[in-house]
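Residue numbers (my numbering): 37 to 274.
A couple of the hints might just be wrong.
[Unchecked claim] Across the chosen pairs, the derived CB separations fall in these ranges:
(1) 114 to 83: 42 to 50 Å
(2) 83 to 115: 51 to 59 Å
(3) 167 to 83: 31 to 39 Å
(4) 165 to 40: 52 to 60 Å
(5) 134 to 105: 38 to 46 Å
[As the list claims (entries may be wrong)] Simulated pairs of lysine-lysine, DSBU-like, Cα-Cα distance not exceeding 35 Å:
(6) 115 to 158
(7) 230 to 241
(8) 259 to 227
(9) 142 to 115
(10) 230 to 259
(11) 259 to 241
(12) 158 to 142
(13) 227 to 241
(14) 158 to 135
For the record, the hints were derived by calculation from the structure and aren't laboratory data. For every residue, glycine included, the Cβ atom is placed at its ideal position computed from N, Cα and C.
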Amino acid sequence: MLNIIIKTIIIYIVLFLAMRVMGQRQSGQLQPYELVITLIIAEVASTPMDNPGIPLFYGLVPAATLILLYYLFSFLCLKSRRLRSFICGSPSILIHNGKVQYGEIKRIGYNMSDMIEQLRLKGQTNIANIHYAILETNGQLSVLPFGSSAPVTPSDMNLEVPEKATLCSAVVLDGSFNPPTLQRLNLDEQKAQKLLHTLGYSNLKDVVILTVSEAGDVFVQDKQGSTRQITLPSELSC
């Protein structure tokens, strides 16, 4: 029993590291070769757990080999456009100028119901309003509506808006300071505590979240659900 527990822990750590090495993508964003390698790694790594008599080595070596294979495929796809097209496929235009490209849909074996569902998820219900709908190589559907059906932007209404989007960083999360954010904003815990006092909080544990934007906008919410917004005091500015 102890042998199985130890094997399970080691295999879990190895698989976790393998997934980190292969990137932080969701299953729906994986290329075909990435998905295949991921599934096989999970299968071969679990072999020593299924049979206590099989050495752990028999699961780790194939997993390491598959990770190297992943890097090889990634390198080849990066260097050769033709090989990438062969391995990953090419994008397919499913809708063009408000018309379904039925021949292309049949060629790739795509389901019309799935396409309609993906269109709804993109906020589009009328095919006539769509200029292009493209099935990407990772299975995602990109939808480009006609200009008349596209969402209104501030520039369409001649509104002046800041050219740059401001990033909000969490200084406090669930009653604890967030050290990476404090470092990025050039704040220490003493300054952050002073900011909390300015907002009316003496106990850090009472705060669910506190964010500071690049423009100096401060947002805080406590565990009672109360919120408050202020401008970052000049003496605490980065």
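Hint check:
1. 114 to 83: 42 to 50 Å: violated (32 Å)
2. 83 to 115: 51 to 59 Å: violated (33 Å)
3. 167 to 83: 31 to 39 Å: Violated - the Cβ-Cβ distance for residue 167 and residue 83, about 50 Å, lies outside 31 to 39 Å.
4. 165 to 40: 52 to 60 Å: Holds: the Cβ-Cβ distance is about 57 Å, inside 52 to 60 Å.
5. 134 to 105: 38 to 46 Å: Holds, since residue 134 and residue 105 (Cβ atoms, about 43 Å apart) stay within the stated range.
6. 115 to 158: holds (33 Å)
7. 230 to 241: holds (15 Å)
8. 259 to 227: holds (22 Å)
9. 142 to 115: OK: residue 142 and residue 115 at ~31 Å, within 35 Å.
10. 230 to 259: holds (19 Å)
11. 259 to 241: holds (9 Å)
12. 158 to 142: holds (22 Å)
13. 227 to 241: holds (17 Å)
14. 158 to 135: Holds: residue 158 and residue 135 sit about 17 Å apart, inside 35 Å.
Violated hints, listed in ascending order, are 1, 2, 3; each of the other numbered hints is respected by the structure.
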